[in-house]
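Line by line, the protein sequences give chains A and B. Here my numbering is used: the first residue of the first sequence is 2, the next is one more, and so on. Here my numbering is used: the first residue of the second sequence is 388, the next is one more, and so on.
Because the hints were derived from the structure by calculation, they are not lab data. Any given hint could turn out to be false.
To be verified - From the derived model, a few chain B residues whose C-beta atoms are all more than 12 angstroms from chain A: (1) V435; (2) L438; (3) L495; (4) Q586; (5) S715; (6) G723; (7) Y895; (8) F928.
What the hints assert, rightly or not - Straight-line distance between alpha carbons at most 27 angstroms, and here's what the computed DSSO-like set of lysine-lysine pairs gives: (9) A:K227 to B:K816; (10) B:K411 to A:K522; (11) B:K912 to A:K227; (12) A:K522 to B:K912; (13) A:K522 to A:K227; (14) A:K298 to A:K461; (15) B:K555 to B:K912; (16) A:K227 to A:K141; (17) A:K522 to A:K465; (18) B:K411 to B:K910; (19) B:K910 to B:K816; (20) A:K298 to A:K433; (21) A:K449 to A:K370; (22) B:K910 to B:K415; (23) A:K522 to B:K555; (24) B:K411 to B:K912; (25) A:K465 to A:K298; (26) B:K442 to B:K672; (27) A:K426 to A:K449; (28) A:K108 to A:K298; (29) A:K522 to B:K816; (30) A:K370 to A:K426; (31) A:K227 to B:K910; (32) A:K522 to B:K442.
We put the beta carbon where it would ideally sit given N, CA and C, even for glycine.
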Amino acid sequence: MTVVASTPNPQPAPVRSRRRRTQSLLDRAILIPALGDSFRKLSPRWQARNPVMFVVGIGALMTTYAFVTGLFNHDPNSGFVFQIALWLWFTVLFANFAEAVAEGRGKAQAATLRRTRTDTIARRLVDGREAPVPAPELRKGDIVICEVGDVIPSDGTIIEGIASVDESAITGESAPVIREAGGDRSAVTGGTRVLSDRIVVEITQNPGETFLDKIIGLVESASRQKTPNEIALNILLAGLTIIFMFAVVTLQPFAVYAGTSVTVTVLIALLVCLIPTTIGALLSAIGIAGIDRLMQKNVIAMSGRAVEAAGDVDTLLLDKTGTITLGNRQASEFLPAGGVDMQRLVQAANLASLPDETPEGRSIVALAKRLGASGGSADGWEFVPFSATTRMSGVDQSGTSIRKGAADSVARWCSDGGSRDLPEKVSSDVEKIARSGGTPLVVAENKKILGTIHLKDIVKPGIKERFEEMRRMGLRTVMITGDNPLTAAAIAKEAGVDDFLAEATPEDKLALIRQEQGEGKLVAMTGDGTNDAPALAQADVGVAMQSGTQAAKEAGNLVDLDSNPTKLIEIVETGKQLLMTRGALTTFSIANDVAKYFAIIPALFIATPALADLGALNIMRLHSPHSAILSAVIFNALIIIALIPIALRGVGYRAVGAAALLRRNLLIYGVGGVVAPFIGIKVIDILITAVHLA
Amino acid sequence: MLWEIIGVVVTFAAVVLCARPLGKYMAKVFSGERTLLSRVLHPVERGVYRLIGVKEDDEQTWVRYLAATLVVTVVSILVTFLLLRFQDRLPFQSVINPQGFPGVAPDLAMNTSISFATNTNWQNYAGEATMSYFSQMVALVMHNFLSAATGLALAIALIRGLARRSGKTLGSFYVDVTRGILYVLLPIAVIGTLVYVSQGAIQNFSGYTQAHTLTGVTQTIAQGPVASQEIIKDLGNNGGGFFNANSAHPYENPNGFTNAFTIFSLLLISISLTFTFGRMVGNIKQGMAVLAAMGVILAGMTGIAIYAEQAGNPALNGAGVTQVASASQSGGNMEGKSVRFGIPQSSQFVASTTGTSTGSVDASHDSLTALGGLVPLLSMELGEITPGGIGAGLYGMLMFVILGVFIAGLMVGRTPEYLGKKIDAREVKLAALAILILPLSILGFTALSVLVTPGQVGPLNSGPHGFSEILYAFSSATGNNGSAFAGLTGNTLYYNTTLELAMWMGRYLFLIPILALAGSMVKKKVIPASAGTFPTDTPLFSLLLIGVVLVIGALTFFPALTLGPILEHLQIVAGHLH
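Working from the sequences, and respecting the hints, build out all of it.
Below is the structure:
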């Protein structure tokens, strides 16, 4: 068995590679099938899902009927009725189109993914003998063998062996990762490819339930359920629709009392303009686009609910290592013991670390070199690697042993297993380092303690500003670490987190989540280990790392394919964007009504001599009643198309606090929503008058 | 003119000034804390509980609270119905019924009972020609207190739903009503009666006076216990006057000062309640943000009314008539107004009596200019939330708050929450249901009335003004206002019945979603506010709230108003008179 020469602890990729090229909004490959889907979605069953657009659909049918009967009766208004009916159909189609475009991006991705789930033939072990079997026939509990070049047939856990695996089909990350039996890196995903060695895998999913299947299902929105907030918004929109229906339906008797009457076509036109069609048309596209935007960031949302909850998160639990600090510590200082020469300590530390390939070891060598250490190799020395029992590493050569390691372990080594106190200076250095958030490494040569190396936790550059930003977003950050409280407090202070949980066990983590939730807060966390699973499941937003175990991935409601814990912040932002986009377009939609009233109401009545004075309300000075009504209906339809980009891209989020966000968005979408249609309707009126459409 | 405007401003300022301490006092009363009056009133309060068999600490869920409200209402309606029906059969007729009025006709007695029980006080009768003193003082005044205290109690229940950290109960309806009457309404009513009497309002049990005028005609001058009924009529936003002329009658409202005092009493409790609300939810600014929204709309309505009335009738401008105020004349439109009040004060009264659910009138609303008439119509159609009827104004406004928070709250990127409580599908549904009732009843019944003959014969005028008369009646009944645009013949079987239904819907169909919402909010946990929380205690939020009220509340009625007052106004401006 060859061992792959790579550190079995891959660092989080600093540069995220995009799995798929970011598709532009006007991608032909998406737009053309979406056009077809717009018509397919006209089916009543589909329309019934959306009360607002359902009403528009009925209106379109009724006006079409009015047009047809009008033709037979030689109605002079047929041209007008035809145009209204046409634009109402467009309104419905535009809404379908928005949804289809949003889905289209996912569908394109699903197609790519599906290609990776090709007709793999698995090598199933039956009673110790290999038998070929098609991958889709694998059941939970089957054992398969994968060797160099094999595609792993389904999700599973390695029960034997170690291998480097190309997961680019799922993650887009081209660098291979190490998977091995036991521990937190034993999970393999169907569709990925073994690049070296041989592994025995126990299948953990039945056909159709694998990670790949789930992703495909999600991106195709086949299993999309309405999220709680979407349901609430839908109820509001339905309520508004009913209110405006009262306003429109009762208008006819009022008109009759006033000595005139209004045609059904015009009433429907008024109704469609007043009900919140803009948001009604774009609501589902916004939700799909939110999931899709996460996917662009290489995060798979297992449900739309998780994305929505991300926007609501109050508390973020962040693992120290990898999220707040770089994964490894760096040597920053040598502190010799009393009566020991600095150079002696430096030389010993250098020698002990030369064969040590860990980042910590390399950082000790680098620092030693700066301080004048000689010798670039430890040829002739035998390396004693770090082990969990000795908690030391070092080098041996005939009669000379050098060790570096945890203070108490080294002390024990020096006293041959007995307990011995550290020299006074060393002991105080050790404590000082620990209190400052660092890790002390004690160096000894031939059982004589030479001094201490200060290993410092390096807080990621820019992370402090990130936490500052989150505070402005109203999020509380809690650092989770296995370090002792002293160390944890120092790092927490340096990184600028609001709180920390030191010496954390998985149970502590779970208890903290429950406590926060007990106060009504929503909690988000990341995790990858099996022992993170309960906490991931308990958290409102649990982001599992793709590199993590099967259990963790099942427990989380989001999976980060890049396995980058800092991603949590982007996930929260995406969630907020999703909610903001809904709010902004709802506000815009409702604010639009003011102008539409002023376009249509005077148009209904000015033709009746007794009511002609209502022309004063025609403040936009629209050309004629027909042009006014038509302009309002056209504006109402076109605004859907115009806003599709915002629906898909989302309203920009800035961490400036809720008050400032509200001011900004109210100005743009509230005030803008009142003003825009006045201009839009007037422009359309000028255009259609110029080409004699009305 | 300037002094009159100053008077208007001073009256509003006086209300706000008194509202803060009164709001604090009410918060204490309804939280069961000791107050100045506890020493005297607490024994009485306990006596009441013993009498009706209620335990002070027996809290009710929203369903039980609603049930208690309905039971008390229905029983009180029946009692009043019987008292009115048989007012001539009661003992001591010479004292309580010196004019010897016969029993009230059944459909009118029922209409009146419901009207008073729903805090509407739509009066299809003239008090001085129909009701005995006993009917006025007991059968009707009982409702003036009870319906006002009921509104107050319901608002308090909703506040508790929003304020309590967690739980299931909203308080006890019986306790809240008892406290509302004993600690809030009665003490203020006693003081207020004395104020009215001091200014010349009458308070007696005499028979009517026969007077011989200079022109040799005999005139009957009605008498009665007026002042005591006057104060609770206004304080409790009831509006049912002792006399048919209501607050325009000199015995009810003798002078400019009492008129200002009447406006003060109309607004006092509703405005104080916003402070009670702020205090009970633990942030006085929350209440002030709501008050600011109410205040801005009320001030705007008052301004429009003063402007429209002072500008007078546009049609007369062309005829060479001077309508400008001068030392010798008030100018503007004085038709239907009392000279002792003048245009600004009468206009303030119009906006205040319809901005609350009172419906007292000191001027004829039918005689307002078209634009001036738009003010009471729109105020009532918004659901009377500026500042609204006692209790009802606050809970009505809070429905708009919930909708506003839900729509705009999303724009800060969180599931909307109000006072730390999340607003979910259920709350949105209930708030939308409550707001639905207004157009359903107002537009629905108006549409029905213009379609059917018994409805069509109601209005006195034709054209848009006649339409306004019908629209006004149902706006008034649904909003539980009770003021009338006159002109409409309301005492017919058709209008008695439809108006009764509108009153029921406006009060009780509205109540169910509100109490249900209180019941669902009370169970929710409170999330501590953070920088990411949607702020609801800022001027920006008040502006947003005004926007929501105008766009969702007002625009619904825009088509109807277009064919009523707006059309009438434009026709007059254009010189097309009917």
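Original post:
When you look at the beta carbon of B:F928, is every beta carbon of chain A farther off than 12 angstroms?
Top reply: Its Cβ does come within 12 angstroms of chain A, the nearest being 8 angstroms, so this is violated.
Subject >> Distance restraint between B:K555 and B:K912, which requires alpha-carbon spacing of 27 angstroms or less >> reply: holds (12 angstroms)
Original post:
A:K227 and A:K141: Cα distance at most 27 angstroms?
Top reply: violated (31 angstroms)
Subject >> Pair hint A:K522 and A:K227, alpha-carbon separation not exceeding 27 angstroms >> reply: Roughly 22 angstroms separates the two Cα atoms, so the pair holds.
Original post:
Would the pair B:K411 and B:K910 pass a check requiring their Cα atoms to be no farther apart than 27 angstroms?
Top reply: holds (25 angstroms)
**OP:** Verify the proposed pairing of A:K227 with B:K910, using a straight-line Cα cut of 27 angstroms.
**Re:** holds (24 angstroms)
Original post:
Between A:K522 and A:K465, is the straight-line Cα distance small enough, at 27 angstroms or below?
Top reply: holds (23 angstroms)
Subject >> Hint consistency between A:K449 and A:K370 [alpha-carbon to alpha-carbon, up to 27 angstroms] >> reply: holds (23 angstroms)
**OP:** With a cut-off of 27 angstroms on the C-alpha distance, tell me whether A:K522 and B:K555 pass.
**Re:** holds (20 angstroms)
Original post:
Does B:S715 really sit off the interface, with its C-beta more than 12 angstroms from all C-beta atoms of chain A?
Top reply: holds (34 angstroms)
Original post:
Given the hint that A:K522 pairs with B:K816, does the C-alpha gap stay at or below 27 angstroms?
Top reply: holds (24 angstroms)
Original post:
Under the criterion that the straight-line Cα-Cα distance not exceed 27 angstroms, is the pair A:K298, A:K461 satisfied?
Top reply: holds (21 angstroms)
Of the numbered hints given earlier, the model fails hints 8, 10, 16, 20, 26, 32; all others are met.
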